[in-house]
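J.: So the sequence lines, in the order shown, correspond to chains F and E. Take the first sequence: its letters are residues 1 to 166, numbered as in the working numbering. Take the second sequence: its letters are residues 1001 to 1204, numbered as in the working numbering.
Everything labelled a hint here was simulated from the structure, so no lab data went into it. Be aware that a few hints might be false.
Taking CB as the label site, the calculated pair distances span [as the list claims (entries may be wrong)]: (1) F:ASP41 / E:PRO1111: 23 to 29 Å; (2) F:ARG11 / E:GLY1194: 45 to 51 Å; (3) E:ARG1015 / F:ILE116: 20 to 26 Å; (4) F:TRP148 / E:ARG1119: 43 to 49 Å; (5) E:GLY1194 / F:PRO113: 44 to 50 Å; (6) E:GLU1180 / F:ASP136: 29 to 35 Å; (7) E:ALA1014 / F:PRO46: 50 to 56 Å.
Examples of chain F residues toward chain E, derived with CB under 7 Å [stated by the list, open to error]: (8) SER63; (9) LYS65; (10) ARG66.
Partial pick of chain F residues on the chain E-facing surface, computed with a CB cut under 8 Å [as the list claims (entries may be wrong)]: (11) LYS30; (12) ILE42; (13) THR44; (14) ALA55; (15) ALA124.
For each residue, glycine too, the CB sits at the ideal point set by N, CA and C.
Residue strings, one per chain:
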Amino acid sequence: MQKTGVEAVLRGLERAGVSVATYLPDSLLKELYPALDAAPDIRTIPVTNEGEGAAIAGGVFLSGKRAVLVMENSGLRAATEHLARLGLGSGIPVVMIMSYRGEMGENNWWAIPHGITMEPLLGALRIPYRVVRREDEIEQAIVDAFEWSYTAYYHSAVVLGGEVVR
Amino acid sequence: MSMSRFACMQALGARLSDELVILSLGGAVDEWFNAAPHMREGSLFQQQLGCVSAEAFGLSVGLPHRRIVSLDTDGGLLFNLGILATLGNEQPQNLFVVVWDNEQYQSIGGPRTHTASGRVDLAGIARAAGVDNAYTVDTLEAFDEHCAAGLAATVPYIVVAKTDGVLEPGIKRKHSDGREDTYTFVRHVERTEGISIMGPSEHN
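Looking at chain F on its own, in the form it has when it is part of the complex:
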């Protein structure tokens, strides 16, 4: 991920009023995590799995602060149980930023499941999402995701793919 892309994410999070980021780091967004750690207005919380990260982010929502869950798209599978209960069961939203592992152009065999399962899973959970493949669309996509989730009280996702992460 280019420095300009990382900066666009940080601008989006700042405009959205995010003060907490939970994450389980991955390779496509690897430059983003230390930048989040270094961001003066964001507290980062590394987690042991993405479901835990979703639940922590949901707890932050209940406090009136805003949190984001950052992860590889494989994390969506780990978080599905938690997201279903939080969102569909209790109306507690989690906004996610995830890398698009396994999309067309992928050359790692182990990443193919991530690409095949991500969009159907988002659909099964009825989570609106935007796949962003241009850096100049990152910032607004993040702002829009928060705007929507804080109106719907349901999850949304920004998926970073294409040249943004390669």
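Starting from the structure of chain F, add chain E where the hints point.
T.: Quick look at chain E alone, frame taken from chain F:
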């Protein structure tokens, strides 16, 4: 020896006023609803295996000046033991975790959880994960003492309460779903914190 969860809840509830509580699923929901009626609006009743202590931690991060209480369960904590490592690393100063350990999945009729073997020690796992103040109790007196200490602690504090698995008879069932519970809890947080969380969102 083990003790009544309901009696423990009454003891804990007597110590609470402006704290915020997040609690797990099963019989503990209806018992807490009855054992601490003054805490109903300040308690978020969840039906979420593996979410409760993580949610409570998130709430404690967002409201660092407020005491947060997580009422977790053996089944719920076993579902996401990783939260113990996160608490060990993050060291929240305002989070007290109670784990109701009745060694069974009570809400579905009582199949055993892993703690029933006697080999799995949740407090020991917590200590090894970096939560130094993690204890197992099996008497009401000891539980109450740890509640006093845990509610005053400035480090994460966990008490695993070995309870008897007897659902308190004759209690009233909570009559609301998860969405209503969230609104009730959020309105309580808004009122007591003087903030807006789920505010009006109409702009046109």
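J.: A separate judgement is required for each hint: does it hold in the structure or not?
T.: We went through each hint and held it up to the structure:
For the pair ASP41 of chain F and PRO1111 of chain E, the supplied restraint of 23 to 29 Å is violated, since their beta-carbon distance comes to about 47 Å. Against the hinted window of 45 to 51 Å, the Cβ-Cβ separation of ARG11 of chain F and GLY1194 of chain E comes to about 30 Å, which falls outside the hint. Taking the beta carbon of each, ARG1015 of chain E and ILE116 of chain F are about 51 Å apart, not inside 20 to 26 Å as hinted. Separated by about 47 Å at the C-beta atoms, TRP148 of chain F and ARG1119 of chain E satisfy the suggested range of 43 to 49 Å.
Remark: the range hint 44 to 50 Å for GLY1194 of chain E to PRO113 of chain F is upheld by a beta-carbon distance near 47 Å. For GLU1180 of chain E and ASP136 of chain F, the hinted distance range of 29 to 35 Å is not satisfied, since their beta carbons lie about 42 Å from each other. Between ALA1014 of chain E and PRO46 of chain F the CB atoms are about 37 Å apart, so this pair departs from the stated range of 50 to 56 Å. Interface hint at SER63 of chain F: satisfied, since its Cβ lies 2 Å from the closest Cβ of chain E, which is below the 7 Å cut-off.
Given the 7 Å rule on beta carbons, the hint for LYS65 of chain F holds: about 4 Å separates it from the nearest Cβ of chain E. Restraint check, ARG66 of chain F versus chain E: the minimum CB separation of about 9 Å is more than 7 Å; hint violated. The interface hint given for LYS30 of chain F is broken, as the beta carbon of that residue sits about 20 Å from the closest beta carbon of chain E, more than 8 Å. Taking 8 Å as the C-beta cut-off, the interface hint given for ILE42 of chain F is violated, the closest approach to chain E being about 12 Å.
For THR44 of chain F, the suggested interface contact is broken, since its CB lies about 10 Å from the closest CB of chain E, more than 8 Å. Because the beta carbon of ALA55 of chain F sits about 3 Å from the nearest beta carbon in chain E, less than 8 Å, this interface hint is met. Evaluation of the ALA124 of chain F hint against chain E yields a violated restraint, the C-beta minimum of about 18 Å exceeding 8 Å.
In summary, the structure is inconsistent with hints 1, 2, 3, 6, 7, 10, 11, 12, 13 and 15 from the numbered list given earlier, while agreeing with the others.
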